[in-house]
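Top to bottom, those sequences are chains A and B. Numbering-wise, the first sequence is residues 1 to 435 according to the working numbering. Numbering-wise, the second sequence is residues 1 to 330 according to the working numbering.
Hints were generated in silico from the structure; no laboratory data involved. Careful: at least some of the hints might be erroneous.
[As the list claims (entries may be wrong)] Taking lysine-lysine pairs in the DSS-like style, the calculated list, with each CA pair at most 30 Å apart, reads:
1. Lys271(B) - Lys162(B)
2. Lys198(A) - Lys105(B)
3. Lys52(B) - Lys162(B)
4. Lys139(A) - Lys198(A)
5. Lys82(B) - Lys105(B)
6. Lys198(A) - Lys100(B)
[Claimed, not checked] To give a feel for the contact side, a few chain A residues facing chain B, derived at Cβ under 10 Å:
7. Glu204
8. Phe213
9. Leu282
10. Ala332
As the structure is a prediction and not an experimental result, all values here were calculated from the model. Even glycine gets a Cβ: it sits at the ideal position worked out from N, Cα and C.
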Amino acid sequence: MSVLHGKTAPGEDLVVRGARVLDPAEGLDAVLDVRVDGGVIAQLGERLAVNGHRVVDGEGLVLAPAFVDPHVHLRTPGREDEETIASGTAAAAAGGFCAILAMPNTDPVVDSAAVLEGLIEAARLEAEVPVGFLAAISKGQLGEELTEMGELADAGAAGFSDDGRPVVSAGLMRRALQYASTTGLRLALHEEEPTLSKGGHVHEGTVSAELGFGGYPSVGESLMVERDLALAAYEGQPLHLLHLSARESVEALVRARAAGVQATGEVTPHHLVLTDEAVRSLDPNLKMSPPLRSEDDRKALVEALRNGDICAVASDHAPHARHEKEAPFEAAPFGVTGLETAFAALYTHLVLPGALRLETLLERMSAGPARAYALEPPRIAAGAPANLVLLDLERSWRVSAEGFRSRSANSWLLGETLRGSVVTTVAAGRVAFSA
Amino acid sequence: MPDIHVVSDDLRPPARPPRRHLLSIEDLSRDDVERLLATAHTFERSLEREVKKLPTLRGRTVITLFYESSTRTSSSFELAAKRLSADTMSIKAAGSSVDKGESLKDTALTLDAYDPDVIVIRHPQIGAPQLVARVTGAHVVNAGDGKHQHPTQALLDLYTIKAELGRIEGLHVAIVGDVLHSRVARSNIQALRLMGARVTLVGPPALLPRGIEAMGCETTTEIGAIADADVVYVLRMQQERMEAGSNFVPSLREYAARWGVTAARLRPGQKVMHPGPINRGVELSADVADRADTLIQDQVRAGLVTRMAVLYDLLTQGPAPVRELEEAVA
Numbered sequence: 001m002s003v004l005h006g007k008t009a010p011g012e013d014l015v016v017r018g019a020r021v022l023d024p025a026e027g028l029d030a031v032l033d034v035r036v037d038g039g040v041i042a043q044l045g046e047r048l049a050v051n052g053h054r055v056v057d058g059e060g061l062v063l064a065p066a067f068v069d070p071h072v073h074l075r076t077p078g079r080e081d082e083e084t085i086a087s088g089t090a091a092a093a094a095g096g097f098c099a100i101l102a103m104p105n106t107d108p109v110v111d112s113a114a115v116l117e118g119l120i121e122a123a124r125l126e127a128e129v130p131v132g133f134l135a136a137i138s139k140g141q142l143g144e145e146l147t148e149m150g151e152l153a154d155a156g157a158a159g160f161s162d163d164g165r166p167v168v169s170a171g172l173m174r175r176a177l178q179y180a181s182t183t184g185l186r187l188a189l190h191e192e193e194p195t196l197s198k199g200g201h202v203h204e205g206t207v208s209a210e211l212g213f214g215g216y217p218s219v220g221e222s223l224m225v226e227r228d229l230a231l232a233a234y235e236g237q238p239l240h241l242l243h244l245s246a247r248e249s250v251e252a253l254v255r256a257r258a259a260g261v262q263a264t265g266e267v268t269p270h271h272l273v274l275t276d277e278a279v280r281s282l283d284p285n286l287k288m289s290p291p292l293r294s295e296d297d298r299k300a301l302v303e304a305l306r307n308g309d310i311c312a313v314a315s316d317h318a319p320h321a322r323h324e325k326e327a328p329f330e331a332a333p334f335g336v337t338g339l340e341t342a343f344a345a346l347y348t349h350l351v352l353p354g355a356l357r358l359e360t361l362l363e364r365m366s367a368g369p370a371r372a373y374a375l376e377p378p379r380i381a382a383g384a385p386a387n388l389v390l391l392d393l394e395r396s397w398r399v400s401a402e403g404f405r406s407r408s409a410n411s412w413l414l415g416e417t418l419r420g421s422v423v424t425t426v427a428a429g430r431v432a433f434s435a
Numbered sequence: 001m002p003d004i005h006v007v008s009d010d011l012r013p014p015a016r017p018p019r020r021h022l023l024s025i026e027d028l029s030r031d032d033v034e035r036l037l038a039t040a041h042t043f044e045r046s047l048e049r050e051v052k053k054l055p056t057l058r059g060r061t062v063i064t065l066f067y068e069s070s071t072r073t074s075s076s077f078e079l080a081a082k083r084l085s086a087d088t089m090s091i092k093a094a095g096s097s098v099d100k101g102e103s104l105k106d107t108a109l110t111l112d113a114y115d116p117d118v119i120v121i122r123h124p125q126i127g128a129p130q131l132v133a134r135v136t137g138a139h140v141v142n143a144g145d146g147k148h149q150h151p152t153q154a155l156l157d158l159y160t161i162k163a164e165l166g167r168i169e170g171l172h173v174a175i176v177g178d179v180l181h182s183r184v185a186r187s188n189i190q191a192l193r194l195m196g197a198r199v200t201l202v203g204p205p206a207l208l209p210r211g212i213e214a215m216g217c218e219t220t221t222e223i224g225a226i227a228d229a230d231v232v233y234v235l236r237m238q239q240e241r242m243e244a245g246s247n248f249v250p251s252l253r254e255y256a257a258r259w260g261v262t263a264a265r266l267r268p269g270q271k272v273m274h275p276g277p278i279n280r281g282v283e284l285s286a287d288v289a290d291r292a293d294t295l296i297q298d299q300v301r302a303g304l305v306t307r308m309a310v311l312y313d314l315l316t317q318g319p320a321p322v323r324e325l326e327e328a329v330a
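So that you can see chain A by itself, here it is in the shape it has in the complex (with noise of 0.2 Å):
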C-alpha cells in the first residue's frame, strides 16, 4: 500500500512541447516533446502527435523530475488558520513538488491510526499533491511510550517522527530502532540535546555573545547524532536525520555511512544560504530550530550537499501566525516557510553563483528525498507516473507576503528577488499547478 495520499483523479493526457528535458538520473538531458497519456509518461521524442492532448509550451523550459518534500508541517489538525492540508498542498504544487511528507507534531499529535485516518480521508478529498504523514515515534511526541507503530503502518504512516522534539532517551530510542523495523518504515530525528540547547535562541557563536541571545550550541545537535547514529550501528537499522545545521553532525553522518550505517540526511534551503549573521537584524522570520549557524557551518553543509553525504533538500516548511511572528525576537516561535521559495532560493543563491550543478539540486529535490524514505523516485522515462516539474531559470520575481498560496507568509525571503520559477507542476499524472 502506498504511503502517500491525494485526490484520486483520472490522469491528463498532455504533451510538453520542446522544454530541455532534464533528468539526471536517466541520463537525459535533451530539447524533447514529452507525452504524458493518462498521467503516465508515455513517449519522449521530437515532434511527438498531439493527438487532442493538453499541449504546455515548453520552449526555454527546463522540465525536470518534479520535486518531494520530505520535511512540511501541515498544521492539521489544531492550526487550520496557518495552514491546511489544502493550501499547504497548494503551496507545494507552486513551489514544484509533487510530493510531500508531513510531521506528526500537531494537536493532537498524530500518535493513534484515528487522527492518522482521518488525515488520510481528507487528504483524498483536498490534497493538490500526494501526501505522506509520518506519525509520532511516542506517544504525544512526550518521549516516554512508544506509539503503536505497527498498527499506524497498517493505517498508511509514512514514517515516524517525534519531529520538534528530540527522543531525549537513549533507551526510548533503542527501542523505537528495534520495533520501527517490523514495520519497514524510516525513523527521522530531531537531534537536539535538550539540556544543551535549554535557553538558546540563536547559533551559540560570536553574534549570540554580542547581542545577548542565550545560545544553542552545534555540539547540542550533534552529540544526540553521534548518539544515535550508535545506536543505529548497533541495532543495524536505518535512520534519517532531519534538518542538519552544523559541521560536527555532518562529519558524524560521514563517519558513520563510512562504516556502513544505513542513514541519511536532510538541509533546509535556509541553512544553505545563510548565517547567523542574519539574525542581526532581530527579525522573527530568521528564528528556526536548528538556528542557522556560522560560516563554517554553511560550507560544510553546501559541500554535503554537493557530493551526496546529504541527499535530501527539505523545506521545514514551518508556518506561523502573522501575530506570532509579529512579536520580540525572543518570543517569537521558531520555523519559516519554504514550500514555495525552495527551489529559487537555491537556484539563485547556490546554483548560480556556482557552488552547486543545476543537475545535482535537482536531483537533491527529488530522487535524493525520495530514497531517503524508500518512495518511488520521480523519473522521466516511459512507463513512469507523470511527476514533473517545468521550471523558467530565467524569470526573476519578488517575493512578497501577498503571493504566497500557503496560509502563513513567515518567509525569510520577504523582499528579496530570486531567479528561477515554477511555471508547471504535474503531480501523480494530474496538473497540480499552472503559473
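Following the hints, position chain B against chain A.
Relative to chain A, chain B alone:
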C-alpha cells in the same frame, strides 16, 4: 484669503526632525557620543541653577513603557523629560492591558494613537524596542531589552568616567562578573571600545559568553586581572535570569569568595562602578560599596543629565542646537 492662525507660532512645537532612535550603542558614531556627553555636561550646569526646569521640549510628549522593574532608569527618564518641560506619561506593564493579554504591538499602537514624540521602552525580550520602532511613529529609546542592550546606561557610564578621570581613550576598564546576562556589559563593551578604551572581562567561565572576544575585548577567569585596570566595573549577579539547576556557579557564597570585588582585591586609586542594584556581599563587598571614592552615586546623577541629553538630541538636530542650548543656559 488670509491664513487663519489658530495657534500662534511661539506655541507651536518646533518642526519634527527626521525620526531617529537609540536602540543600541551601534546606532552611534564616536562623534555622536562626544556630542551627547557635551550636551549632558551643559545640562549638568543648568541643574545648578535655582530653577532647574528648561523650556526646551515644551509641547513634546515622552512616554515611558516599562515591562520590567526599574528604579533608576524609569525615574531618571521621567525626571529628565520633566526637566525639559515635556509632557510625560509612565506606563508599567503590571496593572495595564498587558495583564489582559495585550500584545506588545497592540500596546505600542495604542500609545502611538496619542502621537508621542518619544517612547522609552524597557522589555525582558530582545527585539522589543525594534518592534515598537517598526509599528509606531515615535522616536524610540531602548531602556534595556533582555540581555541585549542598555545604551543610555553605557552613555551615563562614559559620562561618569570622563567626569572623574578626564578622558576615556586609553583607559583600561575591567568588567567583572555576570557578563552572560548583562545588557549593561554589552552596551558598555561597545561604548568603551568606540571611545578607545581597553576592556577586560573577568568572571567565572559559564558567565563569560563564548565568542564575546569578537567584540574587541579580552577575557579571563582570574580575578587578579582587575589589578591592572583604571576602572573596575562590577556587574550584578542576575539571579532572576538564572534558572534553578543551571549551575552557572556552584553557589553565591563561592562566587563571592572567588570573584567578589573586595577592598583587598583593589589597589588605591582604582575607581569602582556598578550599575545597580547591588547585591551587597556577593559581587561587591559592603565596605567597597560604601567607600567615598566609588562612583556609584555619580552614575545615578549622570543618568539624569545623560537621559536629558538623549531626549534633547533625538528631538533636535544635533551639533547646532547644542551650541544654541549652551548660549541659552549661559
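Here's how the hints hold up against the structure:
no.	hint	verdict
1	Lys271(B) - Lys162(B)	holds, 12 Å
2	Lys198(A) - Lys105(B)	holds, 27 Å
3	Lys52(B) - Lys162(B)	holds, 23 Å
4	Lys139(A) - Lys198(A)	holds, 22 Å
5	Lys82(B) - Lys105(B)	holds, 27 Å
6	Lys198(A) - Lys100(B)	holds, 28 Å
7	Glu204	holds, 6 Å
8	Phe213	holds, 6 Å
9	Leu282	holds, 4 Å
10	Ala332	holds, 8 Å
When the structure is compared with the earlier hints, no violation turns up for any of them.
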